[in-house]
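Chains as they are written, first to last, in the numbering used here: chain X, 1466 to 1706; chain H, 1103 to 1216.
If you are wondering where the hints come from, they were derived from the structure by calculation, not from laboratory data. Predicted, not measured: the structure shown is a model, and the values here were computed from it. Beta carbons are placed, not taken as given, at the ideal position from N, Cα and C, and that holds for glycine. Be aware that one or more of the hints could be misleading.
Just a few of them, taken from the derived set where beta-carbon distance is under 7 angstroms, the chain H residues facing chain X [what the hints assert, rightly or not]: (1) Thr1116; (2) Leu1132; (3) Ala1162; (4) Leu1192; (5) Ala1196.
If you want the ones that stay clear, here's a sample from chain X, every Cβ over 10 angstroms from chain H, calculated [unchecked claim]: (6) Thr1490; (7) Leu1493; (8) Phe1534; (9) Thr1545; (10) Ala1549; (11) Leu1555; (12) Asn1557; (13) Leu1561; (14) Arg1575; (15) Leu1607; (16) Val1615; (17) Asp1641; (18) Ala1650; (19) Arg1655.
Below, each chain spelled out in residue letters.
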Amino acid sequence: MQELSGTGTVVSVPLTDPARRSLLTRALSLAAAVAPFGLAFGVLASQAGLDPLVASGYSLLVFTGSAQFAAVAVLDDGGTVVAAVLAGLLLNLRCLAFGIVMAPAFPRSRAARALASQLMIDEAMAVGTATDDPRLRWFGYLAGGLGVFVTWNLATLAGAMLVPGTGTFVEDLGIDATIPAAFLALLWPRLSDPVQRRVAALGAAIALALAPVLPAGLPIIAAGAAVPLALKFARSADRQR
Amino acid sequence: MSARGPDRIGAPVTAAVITLLVLAAGTYALKAAGPLLLGRRSLSTVVERAAVLLPAALLAALVVTSTLTVGRHLVVDARFPALLVAAVLLWVRAPFVVVVLGAAATASAVRALL
């Protein structure tokens, strides 16, 4: 295989190829779907007192929705930088798993691999793994990742510029209630799996139990303990069967 | 920095920039580790599985803390009915915009009434 053969194929094969067009359709619908969420992040950042430039920095450089929300929410609650960073990084551990899955479909060029890695998000992974053909996987990954990158960043900027962070209108309009709703919307698709449901329930219980005793952010990090607990429970249940 | 003038709250904004830079670097390391270091080898399936399950625990924790806490106090206020409305809207597969607007409208209405 030649260097960058993946991208070469993307350019040379027309988009009328049905497999490619189906991947592109998925990528575009995902890109459209994240726009309101990006808008909500911009509003949250603005409400937390962040400059639109800093809000955009999060969406350009961190570029993982849930971790951006978590880090800014922890800071907004008065949590420390360490708690905010840890909460974000724990959420992003899944990117490591995505990278391991997607790596074989990447081109050989290290520069291309390094650059494309920034797009290692849920949506890129979802479109990229919708097919088993390695070259189509690379195409799907790029389409999913780039589409979301564009709308996510435009929406963040719009949200951050749109809403001034002062006054009581945040409460009056119920804007603060959009944050739990946004987290729930992110969690929702995972709840169809029973193991994920168990992990979520345990995580919520741990966080709620520790919220009165630990500083902001730490209960969320502690909720990560739900994963080994739930896996242990699943293993012992298997043994009993 | 912007047309909106100096930062409203000095210290938290600096914290936000430090968080941004450290989180961005750490996140990129997680994203690029597979493509740049591992190549075609794979980590143990247990680690991979744990990494995929972790977001469910953390997102659920974020849902409850952002709904039911103010600082270190547990409180039930307008955010709680708003979350219930959001859950119902997600249940009927409403689009994200509707879910978020439904939550905001509920909280706003509850506050106006009480």
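Verification of the supplied hints:
1. Against a cut-off of 7 angstroms between C-beta atoms, the interface hint on threonine 1116 of chain H is violated, since the closest Cβ of chain X lies about 9 angstroms away.
2. Contact between leucine 1132 of chain H and chain X, as hinted, is supported at the beta carbon level, the nearest pair being about 5 angstroms apart and thus within 7 angstroms.
3. Taking 7 angstroms as the C-beta contact cut-off toward chain X, the hint placing alanine 1162 of chain H at the interface holds, the least distance being around 4 angstroms.
4. For the restraint placing leucine 1192 of chain H at the interface with chain X, the shortest Cβ-Cβ distance is roughly 5 angstroms, inside the 7 angstroms limit, so the hint holds.
5. Nearest Cβ of chain X to the Cβ of alanine 1196 of chain H: about 10 angstroms, over the 7 angstroms cut. The hint is violated.
6. The beta carbon of threonine 1490 of chain X is kept farther than 10 angstroms from every beta carbon of chain H, the shortest such distance being approximately 17 angstroms.
7. Every beta carbon of chain H lies more than 10 angstroms from that of leucine 1493 of chain X, the smallest distance being close to 15 angstroms; the non-interface claim holds.
8. For phenylalanine 1534 of chain X, the shortest C-beta to C-beta distance to chain H comes to about 7 angstroms, within the 10 angstroms cut-off, and the non-interface label is violated.
9. At roughly 8 angstroms, the least C-beta separation between threonine 1545 of chain X and chain H is not larger than 10 angstroms, which violates its mark as non-interface.
10. Listed as a non-interface residue, alanine 1549 of chain X fails to keep its Cβ farther than 10 angstroms from every Cβ of chain H; the least gap is roughly 5 angstroms.
11. Residue placement check: leucine 1555 of chain X does not keep its beta carbon more than 10 angstroms from all beta carbons of chain H (closest about 6 angstroms).
12. Against chain H, the non-interface label of asparagine 1557 of chain X is violated: not every CB pair exceeds 10 angstroms, the least being about 5 angstroms.
13. With 10 angstroms as the threshold on Cβ separation, the claim that leucine 1561 of chain X sits away from chain H is violated: the shortest Cβ distance comes to roughly 5 angstroms.
14. Not every Cβ of chain H is farther than 10 angstroms from the Cβ of arginine 1575 of chain X; the closest lies at roughly 7 angstroms, contradicting the non-interface assignment.
15. With a least CB separation of 13 angstroms from chain H, leucine 1607 of chain X remains clear of the 10 angstroms interface cut-off, as annotated.
16. Remark: the non-interface label on valine 1615 of chain X is consistent with the geometry, its nearest Cβ contact in chain H lying 17 angstroms away (cut-off 10 angstroms).
17. The Cβ of aspartate 1641 of chain X sits about 7 angstroms from the closest Cβ of chain H, inside the 10 angstroms cut-off, so the non-interface label is violated.
18. Here alanine 1650 of chain X does not stay apart from chain H, with its beta-carbon only about 5 angstroms from theirs, under the 10 angstroms limit.
19. A beta-carbon of chain H is positioned within 10 angstroms of the beta-carbon of arginine 1655 of chain X; the least distance is around 5 angstroms.
The structure shown violates the earlier hints numbered 1, 5, 8, 9, 10, 11, 12, 13, 14, 17, 18 and 19.
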